[in-house]
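Can you build the whole structure from these sequences, using the hints too?
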Amino acid sequence: MGGYDYIRKYARTDDTWQPSTSPSTVGLAQEAIAAICSRKDVSIPMLQSVVSLTSHPSSLHLLGRPKLTQSCILWLSQRQQQDASYPFGHEDGYLYFRVLVLATGVDLILRNKQKYRQTIDILLANERMEDLSVVLMEYVTGVVVQLIHDKIAGADACDMFIGWRRDELFSIKPVMSKAEAAILIEVLYRDRKGFLRAWAGTHAPSLSPLLFILWRCAKQTSMTNRWISFCEIHWRYYIVAGTDHIGTLDEYNKDAREYYEVWLPKGRPVDLEDARTILHAFTQRMQSTSILYPLPDVPTMGSMVSFVVPRSGLMPGVEDLFIPLVQVVFRYFWTSVAGKSLHTKFQLEPEDVATVVHPAFVMVEHLVKRGPSRATEFVKELINLGVIEALSRGFVLIKREPGFDEELKFSPLIRVCHEFSNSLLHVGPPTYRESEFADTFVEWFKTLRYLRSQDSMLNTQTGHTNWYPMSERVWVEIGDILEYDVQVPRAEALSRAFVSSAPVIRVWYTVGHGVTKWTGR
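Numbering (numbering that gives the first Met the number 0), first residue to last: 0 to 520.
Hint data in this document are derived by calculation from the structure and do not stem from the laboratory. Being a predicted model, the structure only gives us computed values, none of them experimental. Do not rely on the hints blindly, as some may be mistaken.
With a cut-off of at most 20 Å between alpha-carbon atoms, the simulated PhoX-like pairs for lysine-lysine come out as follows [what the hints assert, rightly or not]:
id : residue 1 : residue 2
1  : Lys218    : Lys253
2  : Lys218    : Lys177
3  : Lys66     : Lys218
4  : Lys66     : Lys177
5  : Lys368    : Lys379
6  : Lys172    : Lys112
7  : Lys39     : Lys66
8  : Lys114    : Lys172
Across the chosen pairs, the derived CB separations fall in these ranges [stated by the list, open to error]:
id : residue 1 : residue 2 : range
9  : Met314    : Lys253    : 26 to 36 Å
10 : Asn421    : Arg165    : 52 to 62 Å
11 : Thr15     : Lys112    : 31 to 41 Å
12 : Gln77     : Gln346    : 48 to 58 Å
13 : Ser289    : Lys66     : 29 to 39 Å
14 : Arg38     : Arg165    : 24 to 34 Å
15 : Pro323    : Cys36     : 41 to 51 Å
16 : Asp438    : Arg472    : 39 to 49 Å
17 : Pro315    : Lys379    : 37 to 47 Å
18 : Gly338    : Ser58     : 42 to 52 Å
19 : Met222    : Met314    : 22 to 32 Å
Backbone N, C-alpha and C define an ideal beta-carbon position, used for all residues, glycine too.
Given below as structure tokens:
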């Protein structure tokens with residue numbers, strides 16, 4: 000099966016390849032493992048038998064051999080040197096990598112005998128499941144999470160568990176050497192496009208345990224180029240990961256962010272196909288209905304979007320993917336705000352609004368350069384999706400509390416509003432913005448009135464900044480760009496409605512092109 004045709008064979012559907020439950024599978028897998036470790040040729044059916052060992056829990060220990068892991072890494076590296084499309088441009092390369100992922104996971108959990116026995120018992124109790132690798136990796140990830148968050152032993156516990164740090168009480172053979180981990184990072188980085196394409200399209204085991212080792216390798220060596228390579232793989236996996244990433248990928252993110260500015264100009268897609276794959280993979284991920292791939296919370300989604308749509312911009316040829324992407328982002332945002340997502344304890348913060356809305360303005364700026372018709376169509380979709388209402392929600396969250404970091408909470412939101420104004424200024428003439436945004440006037444007006452009332456009542460002046468007046472100024476700036484005009488009948492009706500419920504002061508001012516505007520009080 001040439002090229003990426005194999006992806007359909009292992010796709011995330013019910014009618015694709017499933018691990019074999021036949022008793023003869025174990026014998027074939029043993030033969031395949033011996034051949035891999037001896038650097039002999041291995042057929043596709045033999046590789047599939049090794050992957051199928053997850054359906055034979057009592058024989059799972061066959062995978063826990065550092066020699067198997069090391070042999071897979073060497074094979075992948077050598078094949079890639081001969082053919083740059085390896086590993087993920089070929090079915091055997093994909094399966095070798097899956098064997099490597101499973102072998103790493105089993106080797107790690109075997110180091111905790113009690114956890115391994117518990118895992119085997121769970122797997123035996125769920126033998127009728129189609130793919131037990133999901134359960135297996137969930138338990139391996141649990142071990143990894145405990146290590147990462149071990150505040151007493153710290154990083155030493157991680158490295159001792161991998162086998163990279165020895166002491167008198169705990170000395171085991173490494174899962175792989177640091178040199179082998181470094182080789183694997185570069186193998187994945189060189190085929191990063193194929194990696195995302197394969198892992199986004201197939202039902203494959205979790206990479207969290209393997210990424211744990213690669214993360215420790217990048218952290219120990221502290222080489223900028225190695226961090227860039229790790230970040231690229233980490234963020235690509237981040238947008239397609241399943242249930243197990245919570246607690247591991249977020250931890251890797253903390254380190255990866257330190258290298259974000261270095262990575263940003265160097266880690267962008269190198270061609271149109273890759274750029275489209277990234278946008279499409281994220282959009283598909285956010286449409287998942289599988290319990291194995293639940294939707295992330297809003298802050299995590301915001302982090303994912305910042306990779307998919309970086310502030311450095313996008314390349315031409317991806318414009319048709321913008322509307323489907325913002326549709327899934329905003330619809331999930333509103334679902335979460337309504338408390339209807341899986342994350343019932345989610346509480347919206349101003350910075351969440353900023354991270355969700357900002358990529359939309361990156362897209363607007365991109366479309367403006369490509370032609371006015373696409374930009375106006377895209378902005379109309381943003382209006383329908385509630386972009387003004389989303390920004391309003393962010394400003395309504397402004398509050399004063401002891402120890403509250405105003406700059407951290409609201410600087411991103413204010414910056415996004417400035418970017419919003421600047422990007423929309425180039426979308427159509429003033430009459431277009433006045434017409435298209437007319438129905439959002441009520442939400443804008445209520446927010447402006449709220450900001451001014453809070454500033455008057457709470458007197459929130461701080462030692463360095465007054466956040467309510469700052470928010471008010473940027474909100475009025477948006478009103479100017481959107482041509483909100485008090486002369487329209489709806490505005491007059493709205494003002495009368497407010498008069499009936501509370502005292503309202505009318506203030507008029509004249510802006511650049513001589514139109515009289517409503518400022519709110």
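Here is how each hint holds up against the structure:
1. Lys218 with Lys253: 12 Å, holds
2. Lys218 with Lys177: Answer holds: Lys218 to Lys177 is near 11 Å, not above 20 Å.
3. Lys66 with Lys218: Violated, at roughly 24 Å.
4. Lys66 with Lys177: Within the cut-off at roughly 14 Å; holds.
5. Lys368 with Lys379: Measuring from Cα to Cα gives roughly 17 Å; hence the hint holds.
6. Lys172 with Lys112: This hinted pair holds, its Cα atoms lying about 15 Å apart.
7. Lys39 with Lys66: 14 Å, holds
8. Lys114 with Lys172: It holds: about 19 Å lies between the C-alpha atoms, which stays within 20 Å.
9. Met314 with Lys253: 26 to 36 Å: Taking Cβ atoms as reference, Met314 and Lys253 lie about 29 Å apart, which means the hint holds.
10. Asn421 with Arg165: 52 to 62 Å: 57 Å, holds
11. Thr15 with Lys112: 31 to 41 Å: 35 Å, holds
12. Gln77 with Gln346: 48 to 58 Å: For Gln77 and Gln346 the Cβ distance comes to about 51 Å; the hint holds.
13. Ser289 with Lys66: 29 to 39 Å: 35 Å, holds
14. Arg38 with Arg165: 24 to 34 Å: 28 Å, holds
15. Pro323 with Cys36: 41 to 51 Å: 46 Å, holds
16. Asp438 with Arg472: 39 to 49 Å: 24 Å, violated
17. Pro315 with Lys379: 37 to 47 Å: 22 Å, violated
18. Gly338 with Ser58: 42 to 52 Å: Check passed, 45 Å falls within 42 to 52 Å.
19. Met222 with Met314: 22 to 32 Å: 28 Å, holds
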